[in-house]
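If you're matching positions, the sequence shown starts at 1 in the numbering used here and goes up one per residue.
Just so you know, these hints were derived from the structure itself, not from any lab.
One or more hints might be untrue.
Claimed, not checked - With a straight-line cut-off of 20 Å between C-alpha atoms, the simulated EDC-like cross-links for lysine to aspartate or glutamate are: (1) K11 with E51; (2) K81 with E69; (3) K48 with D58; (4) K21 with E9.
As the list claims (entries may be wrong) - Cβ-Cβ distance ranges computed for the label pairs, FRET-style: (5) G33 with K82: 49 to 57 Å; (6) A83 with A61: 52 to 60 Å; (7) R5 with A26: 19 to 27 Å.
Here a beta-carbon is modelled for each residue, glycine too, at the ideal position from N, C-alpha and C.
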Amino acid sequence: MSNPRYTEEFKIQAVNQVTEKQLPVADVAARLGVSTHSLYAWIKRYSKPQETRQQDDDQQAELRRLRAELKRVTEERDILKKAAAYFAKECG
């Protein structure tokens, strides 16, 4: 069973109910049908200014890209190590 995707507007409105209307997180989460964990994560994300959120998103994207590149380069290095060992055995 897949988790439903919520729009950014929905998330912001849910956060506003907690932050501006001072409603309990558990009540808002139960009424909206989301987990309290998700609502707390949304509060953490959407309580920041838009510019800060954009910078965080950019940093996360860059981090994902760098991790993928590191994984690829590490695999290439391991292949080259195995090839070098194979040819060293064959020649020696």
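Verification of the supplied hints:
no. : hint                     : in the structure
1   : K11 with E51             : 17 Å, holds
2   : K81 with E69             : 18 Å, holds
3   : K48 with D58             : 15 Å, holds
4   : K21 with E9              : 17 Å, holds
5   : G33 with K82: 49 to 57 Å : 51 Å, holds
6   : A83 with A61: 52 to 60 Å : 33 Å, violated
7   : R5 with A26: 19 to 27 Å  : 22 Å, holds
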